[in-house]
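Q: Order-wise, the sequence lines are chains Y and E. FYI, in our numbering the residues of the first sequence are 1 to 182. FYI, in our numbering the residues of the second sequence are 1 to 159.
To be clear, the hints were calculated from the coordinates, so they are not data collected in a lab. Just so you know, not all the hints are guaranteed correct.
[What the hints assert, rightly or not] Here are a few chain E residues that face chain Y, going by a calculated C-beta distance under 10 Å:
{"#": "1", "residue": "Leu-18"}
{"#": "2", "residue": "Gln-22"}
{"#": "3", "residue": "Ser-44"}
{"#": "4", "residue": "Leu-48"}
{"#": "5", "residue": "Val-50"}
{"#": "6", "residue": "Arg-124"}
{"#": "7", "residue": "Glu-143"}
Note that the coordinates shown come from a computational prediction; the quantities given were computed from them, not determined experimentally. Backbone N, C-alpha and C fix where the C-beta goes; we use that ideal spot for every residue, glycine too.
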Amino acid sequence: MSGVLVVLEERAGRIGRPGWEAAAAARQLAGPDSIAVAVVGAQTEALAVEAAGRPFAKVLRVEHPLLALYTADGFKLALEQLIRAESPEFVVFPHTYQVRDYAPALAARFSQSLVSDVVGIEPGPVFLRQLMQGRLAGAYRPQNGGPCFVSVQAGSFRAESPEARAGAPAAITLFTPTLSAE
Amino acid sequence: VARLLAEAIRPENPDLVLTGLQSEDLGLGQTGVIMAELLGLPHSTLILQVEKTETGLKVKRELEEGWFQSIELPTPALLTIQSGGNKLRYATLLGIKRAKTKEVRSVAAADLGAEAPPSAVLERVALPQKQKSTQFLSGSPKEAAAALVEKLKFEVRVL
Numbered sequence: 001m002s003g004v005l006v007v008l009e010e011r012a013g014r015i016g017r018p019g020w021e022a023a024a025a026a027r028q029l030a031g032p033d034s035i036a037v038a039v040v041g042a043q044t045e046a047l048a049v050e051a052a053g054r055p056f057a058k059v060l061r062v063e064h065p066l067l068a069l070y071t072a073d074g075f076k077l078a079l080e081q082l083i084r085a086e087s088p089e090f091v092v093f094p095h096t097y098q099v100r101d102y103a104p105a106l107a108a109r110f111s112q113s114l115v116s117d118v119v120g121i122e123p124g125p126v127f128l129r130q131l132m133q134g135r136l137a138g139a140y141r142p143q144n145g146g147p148c149f150v151s152v153q154a155g156s157f158r159a160e161s162p163e164a165r166a167g168a169p170a171a172i173t174l175f176t177p178t179l180s181a182e
Numbered sequence: 001v002a003r004l005l006a007e008a009i010r011p012e013n014p015d016l017v018l019t020g021l022q023s024e025d026l027g028l029g030q031t032g033v034i035m036a037e038l039l040g041l042p043h044s045t046l047i048l049q050v051e052k053t054e055t056g057l058k059v060k061r062e063l064e065e066g067w068f069q070s071i072e073l074p075t076p077a078l079l080t081i082q083s084g085g086n087k088l089r090y091a092t093l094l095g096i097k098r099a100k101t102k103e104v105r106s107v108a109a110a111d112l113g114a115e116a117p118p119s120a121v122l123e124r125v126a127l128p129q130k131q132k133s134t135q136f137l138s139g140s141p142k143e144a145a146a147a148l149v150e151k152l153k154f155e156v157r158v159l
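Please put together the full structure from these sequences, using the hints given.
A: In structure tokens form, the structure reads like this:
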């Protein structure tokens, strides 16, 4: 189990800013050569090409016709299969309304809990998040060897000027999960 | 907490489980979703409206930036309810009297056998770092404005 998997999210046909912020958080956990990013949907080629221009080790297209529209069950099942195949040490999400709908259940499938709404990362790593509606700050340390699931609060990690990838685009791999409408 | 609650309600076989969205203290917002996973129920979160249909439920979900999503799901199901979506209905006097006759089942956490080691531990709680200080932004008006926007975006986080 090693490396970081970042689950990006599509907004209006492009990768949304929250996803890039999650990728910025991932860079505090590992170097670019240890970060993979995933795009999920029924047609992910354009998103994957967009991501491949950034400094990541690889881009994973999690693609299936049943992922055309978001459902918690579909995303949970597809990403569970991807995580079991890739075995990352950390899985990082943007803390969007979509992520909070499925990521806790996904983490539970690995007997983990989601460290949600993270606003900072200290060495260790220790994840910082707000408590009591922001009146206190809490520091969470992962315990049991992972994979460790983390979602990051919007605006907490800078994705203003994402550096372009030097050289050839990152490798793009197609991952087809086994899903059924039944 | 989710494991204990799931084990406590499992024998009841409910058609619908309703939970809040997130607690006021830790604000993790996960108990309902994990309960659904442990109970093998379909779920939906941030629910503002619930309507019964012939096959199950039709719900209205809140999304970012003022968008809403309409979802149909079968029952049994679990929904986490967004605050402010429903008008509070206060109990009538008759309802309060009837409540006294309802069965209250107590379940000891130790009897549920749902203990699991935590995957992350809250090892430190502190007051957030807040600094009130006056700063002068130097440079041309354009540079000062850019620096101000930067601070409002990434330090104060109000933009």
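Q: Compare the structure with each hint and give your call.
A: Outcome of the hint check:
| no. | hint | verdict |
| --- | --- | --- |
| 1 | Leu-18 | 16 Å, violated |
| 2 | Gln-22 | 9 Å, holds |
| 3 | Ser-44 | 7 Å, holds |
| 4 | Leu-48 | 12 Å, violated |
| 5 | Val-50 | 16 Å, violated |
| 6 | Arg-124 | 4 Å, holds |
| 7 | Glu-143 | 16 Å, violated |
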